[in-house]
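The primary structure of each chain is shown beneath.
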Amino acid sequence: MKLLSSKATCNSHGQDSSYFLGWQEYEKNPYHEVDNPTGIIQMGLAENQLSFHVLESWLAENPDAAGFKRNGESIFRELALFQDYHGLPAFKNALVDFMAEIRDNRVSFDPNKLVLTAGATSANETLMFCLAEPGCAFLLPAPYYPGFDRDLKWRTGVEIVPIHCSSSNNFQITESNLNKAYDEAQRRNLKVKGILVTNPSNPLGTTLSRDELDLLITFITTKGIHLISDEIYSGTVFASPRFISVMEALMENKHKKNNVWKQVHIVYSLSKDLGLPGFRVGAIYSNNEDVVAAATKMSSFGLVSSQTQHLLSVMLADKKFTKVYILENKKRLKKRHEMLVAGLKDAGINCLKSNAGLFCWVDMRHMLTSKTFEAEVDLWKKVLFQVGLNVSAGSSCHCTEPGWFRFCFANMSQETLDLSIHRMKAFVDSYKINTRRPKRNSARRTLSQWVFRLSLQDRKHEER
Amino acid sequence: MGRQCSDYQLLSKLATSVRHGENSPYFYGWKKYDSNPFHPTKNPDGVIQMGLAENQLCFDLIEEWIKENPKASICTADGVHDFKDIAIFQDYHGLWNFRNAVAKFMGKVRGERVTFDPERIVMSGGATGANEMIMFCLADPGDAFLVPTPYYPAFDRDLRWRTGVHLVPVTCESSNNFKITKSALESAYEKAREANTKIKGLIITNPSNPLGTVLDTDTLKTIVTFTNEKNIHLVCDEIYSATVFGCHNHLISISEVIEEMECNRDLIHIVYSLSKDLGLPGFRVGILYSYNDTVVTCSRRMSSFGLVSSQTQHLLALMLSDDAFIEKLLSESSKRLKKRYEDFTNGLKEVGIGCLESDAGLFCWMDLHSLLKEPTFEEETVIWRLIIDEVKLNISPGSSFHCSEPGWFRVCFANMDDTTLDVALQRIQEFVARQKEGEEAKNV
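These protein sequence lines map, in sequence, to chains F and D.
When we follow the working numbering, the leftmost residue of the first sequence carries the number 1, and every step to the right adds one.
When we follow the working numbering, the leftmost residue of the second sequence carries the number 1001, and every step to the right adds one.
Worth flagging that the hints you see were computed from the coordinates, not collected in a lab.
Watch out, some of these pointers could steer you wrong.
[To be verified] Mimicking BS3-like on lysine-lysine, the simulated pairs with C-alpha atoms at most 27 Å apart in a straight line are:
#1 F:K28 / D:K1032
#2 D:K1084 / F:K2
#3 D:K1349 / F:K69
#4 D:K1084 / F:K335
#5 F:K297 / D:K1442
#6 F:K69 / D:K1182
#7 F:K382 / F:K345
#8 D:K1339 / F:K2
#9 F:K223 / D:K1071
#10 D:K1013 / F:K153
#11 F:K334 / D:K1013
#12 F:K69 / D:K1339
#13 F:K320 / F:K297
#14 D:K1191 / F:K69
#15 D:K1339 / D:K1328
#16 F:K113 / D:K1031
#17 D:K1349 / F:K113
#18 F:K297 / D:K1182
#19 D:K1349 / D:K1108
#20 F:K2 / D:K1349
#21 F:K113 / D:K1067
#22 D:K1067 / F:K191
#23 D:K1031 / F:K320
#24 D:K1032 / F:K319
#25 D:K1349 / D:K1198
#26 F:K297 / D:K1032
#27 D:K1013 / F:K262
#28 D:K1042 / F:K2
#29 F:K330 / D:K1084
#30 D:K1198 / F:K153
#31 F:K331 / D:K1191
#32 D:K1084 / F:K323
#33 D:K1221 / F:K2
#34 F:K180 / F:K262
#35 F:K69 / D:K1042
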């Protein structure tokens, strides 16, 4: 008899993909400015480390939140015992206000419709359990976050059918590619239960247009299916066009007439906007009370620590803080984004025009030896092992066109980003030389010699 | 076809089923408590909550430690330099210090008779998350696990709901103090086999909830021999491991027993949590410890769905590593639990009510079958409702734990202060006296 479950022995967790392999290589040889200057720079991790100083100042001014106190009184016992899956009311109230603020208060949220979960990872899985049977499918615009393969499919038995988006129209969702995906699911005998979009998009860094949102809402209305909008990056929109949440789009009169409210759900988290992935704070927001009820019960399997709920309830209730944070965060993200885009452009590499996220979607199609995914993997490996940058290959995000890569820019210091850009420039220069010259023993001369001759002093002093 | 019908179809079967168990009639007591909670001064006639197995006896010690150790918090001036590193830490291996501290703590609780390898520590969203997770790792939908009765009611949800796993009861009886016997195990296994149910393992809780008893070495060896022979898994939920207060008994963990006998260690897994031993259910610290490498790898990946907040990991890593504090806490906790147990059970004895002799847990297993008009579950429910409605105590009837014999009730005693316990005891004593008077009056 098979000793373990099928889930334990299959590879639906997706951790054998290049996305995770790059991480492993990074962990073996991580860059450090002093201790390991020739190590691999992690550009595959969409983390936001840019605004911690704002958080730390707030903490210095608010000792009560730290010491399990409320108005000077100890509430330790209350917090230690608090395991109600409805969540700490003060936290939920503060969180919905924060979510509204990020949306410029164009929408408001009801804390009773919010379910707290252990990160967006858990929120997404929980929604699958609530909305779909094993063997059903969700349509996802591709390219998409590689972790979805695990989060949506592994333990739930749900399938993902990609909505293939193309660079020809900047990877926008169209009626045609939506229909194609739906038909493909039908062909595979998969019952489509809904669509899941990430808005702003990971890995593209773009926000959905009003037209795309309308298209999606009309589509789900016609088909009688769900729409999940993972808005985990909603607070990272640093340039126009402005962010339009699916909840805002729903408020349009034409959608109000249909009772499609109950089919639309938002996923959120504080891992990206506030840069607190370690705290495991996720949420599901739904106008469908049955979904809220079921998801609330399921959240027992991954509640948010009451210690963390308390800290964040005080922090997010401080409107002065949230205002400053949101602004400062966007400012810094914008600067980093510009730095990376300009730096890559200097090297003849373009990025998809984007206005959000913690990364750029980089076009290296012209550097492929052939228009194939094998060539993309080759290039990815060169970038990993020779250039020393762990970036994410487009194929790990299920992109249909080889040659696109996601480069993260918010999880490192400015100096490190600077170094990454210079390493890429050196690589491209050498690549140009190598592709012009016939291949001889130049293959033996590794790029690392080019790259690692560079030191902080050699590089131009960039504007801070 | 009304809208309600199509609304329902929008959701999965999981979402619309009742396998989460929350529609159970046993929540009657909880609802009564929620609508009329006891308070010594504001609501002295309210319902006293005795259905919640919480450990509130040592908060004073923990609070003192927190005050004296400001660097354990990443938010204080002493600790804020760690804030960023901790806030971005989402590695599902968990903080090294945390895993190390948990492994050491687990060893201490077992009297240093065994050591635990931090590399095998996997986090989860409480023991609730750990129990579900181990099912996902070991069993496919339709498979089954054996579970001795009486057992913790929420197993019906945690082990079955989203996993599709079935539970097959192993009946234990009061005639031998609810011990798990070889014949009960074999009988349950055979019955399942005849019904073509694939048994993947056995799950036990040691110390037991609701019994409060600690398994003896012979029983544990019998269990290991049984699971080994059948080549099925053994999951030991040791969530109450540090609540052992009996002086002549200490917890014998499965981790000790497997050192003393030949067995396939790939079949052995421990579930743990800090919710009961430390009284911190709000912090959601669940642990899965498996001797099976594949299970460790797989469950670690699954733990992404319920990691422990890094802020909490950081705090507890420091707390659990403070050897002097932990020693004091464990010793004091044990003393206080023992006193509660003795005060309560002695008080019950005064009115002729016995409890199963136990050495651990946050509750006692009270025997009220002398108050039942007939030894039926209907009568058990009658008495239970009476106790909630008239005596105003929310206690848990044995049938909610799948007990095979009516008349048993689990009564929690560690989730209140001394005064409240006195009030509860008095109410029970008066109730029993009234019942007995009533009986005598009838017999006259």
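Against the structure, the hints come out as follows:
1. A threshold of 27 Å between alpha carbons decides the hint, and for K28 of chain F with K1032 of chain D the separation of about 57 Å lies outside it, so the pair is violated.
2. For the proposed pair K1084 of chain D and K2 of chain F, the alpha carbon gap of about 44 Å is over 27 Å, so the pair is violated.
3. For the suggested pair K1349 of chain D and K69 of chain F, the alpha carbons sit about 42 Å apart, so the restraint of at most 27 Å is broken.
4. Distance check on the hinted pair: K1084 of chain D and K335 of chain F sit about 21 Å apart at the alpha-carbon level, within 27 Å; holds.
5. Restraint check for K297 of chain F and K1442 of chain D: not satisfied, since their Cα atoms lie roughly 47 Å apart, outside the 27 Å limit.
6. Among the hinted pairs, K69 of chain F with K1182 of chain D is inconsistent with the structure: their alpha-carbon atoms are about 52 Å apart, more than 27 Å.
7. Between K382 of chain F and K345 of chain F the CA atoms are separated by roughly 20 Å; this keeps the pair inside 27 Å, and the hint holds.
8. Under the criterion of a C-alpha separation no larger than 27 Å, the hint pairing K1339 of chain D with K2 of chain F is inconsistent with the structure, at around 48 Å.
9. Between the alpha carbons of K223 of chain F and K1071 of chain D the distance comes to roughly 55 Å, so the proposed pair goes past 27 Å and is violated.
10. For the suggested pair K1013 of chain D and K153 of chain F, the alpha carbons sit about 17 Å apart, so the restraint of at most 27 Å is met.
11. Distance restraint check for K334 of chain F and K1013 of chain D: the Cα-Cα separation of roughly 45 Å exceeds the 27 Å cut-off, and the hinted pair is therefore not satisfied.
12. Only pairs whose Cα atoms come within 27 Å are accepted, and K69 of chain F paired with K1339 of chain D is rejected, the gap being roughly 30 Å.
13. Restraint check for K320 of chain F and K297 of chain F: not satisfied, since their Cα atoms lie roughly 34 Å apart, outside the 27 Å limit.
14. For the suggested pair K1191 of chain D and K69 of chain F, the alpha carbons sit about 55 Å apart, so the restraint of at most 27 Å is broken.
15. Restraint check for K1339 of chain D and K1328 of chain D: the C-alpha separation of about 17 Å stays at or below 27 Å, so the hint holds.
16. The suggested pairing of K113 of chain F with K1031 of chain D holds, with an alpha-carbon distance near 22 Å, which does not exceed 27 Å.
17. Between K1349 of chain D and K113 of chain F the alpha-carbon distance is near 49 Å, which puts this suggested pair outside the 27 Å criterion.
18. Straight-line distance between C-alpha atoms of K297 of chain F and K1182 of chain D comes to about 36 Å, which puts the hinted pair past the 27 Å bound.
19. For the suggested pair K1349 of chain D and K1108 of chain D, the alpha carbons sit about 34 Å apart, so the restraint of at most 27 Å is broken.
20. In summary, the hint linking K2 of chain F to K1349 of chain D is not supported, as the alpha carbons are separated by about 51 Å, beyond the 27 Å threshold.
21. A C-alpha spacing of about 36 Å is found between K113 of chain F and K1067 of chain D, which places the hinted pair above 27 Å, so the restraint is violated.
22. Proximity of K1067 of chain D to K191 of chain F is assessed by CA-CA distance (about 56 Å); at most 27 Å being required, the pair is judged violated.
23. Simply put, K1031 of chain D and K320 of chain F have alpha-carbon atoms about 40 Å apart, too far for the 27 Å limit, and the pair is violated.
24. Taken as a hint, the K1032 of chain D and K319 of chain F pair is broken in the structure, with Cα atoms around 39 Å apart against an allowance of 27 Å.
25. In summary, the hint linking K1349 of chain D to K1198 of chain D is not supported, as the alpha carbons are separated by about 45 Å, beyond the 27 Å threshold.
26. Of the supplied pair hints, the one linking K297 of chain F and K1032 of chain D holds, its CA atoms being roughly 20 Å apart against a limit of 27 Å.
27. Between K1013 of chain D and K262 of chain F the alpha-carbon distance is near 17 Å, which keeps this suggested pair within the 27 Å criterion.
28. For the suggested pair K1042 of chain D and K2 of chain F, the alpha carbons sit about 59 Å apart, so the restraint of at most 27 Å is broken.
29. The hinted pair formed by K330 of chain F and K1084 of chain D meets the criterion: a straight-line CA distance of about 19 Å does not exceed 27 Å.
30. Restraint check for K1198 of chain D and K153 of chain F: the C-alpha separation of about 25 Å stays at or below 27 Å, so the hint holds.
31. Only pairs whose Cα atoms come within 27 Å are accepted, and K331 of chain F paired with K1191 of chain D is rejected, the gap being roughly 67 Å.
32. With a C-alpha separation of about 20 Å, the suggested pair K1084 of chain D and K323 of chain F falls inside the 27 Å cut-off, and the hint holds.
33. Our distance criterion of 27 Å between C-alpha atoms is met by K1221 of chain D and K2 of chain F, whose separation comes to about 24 Å.
34. The straight-line distance between the Cα atoms of K180 of chain F and K262 of chain F is roughly 25 Å, inside the 27 Å bound, and the hint therefore holds.
35. Among the hinted pairs, K69 of chain F with K1042 of chain D is consistent with the structure: their alpha-carbon atoms are about 24 Å apart, no more than 27 Å.
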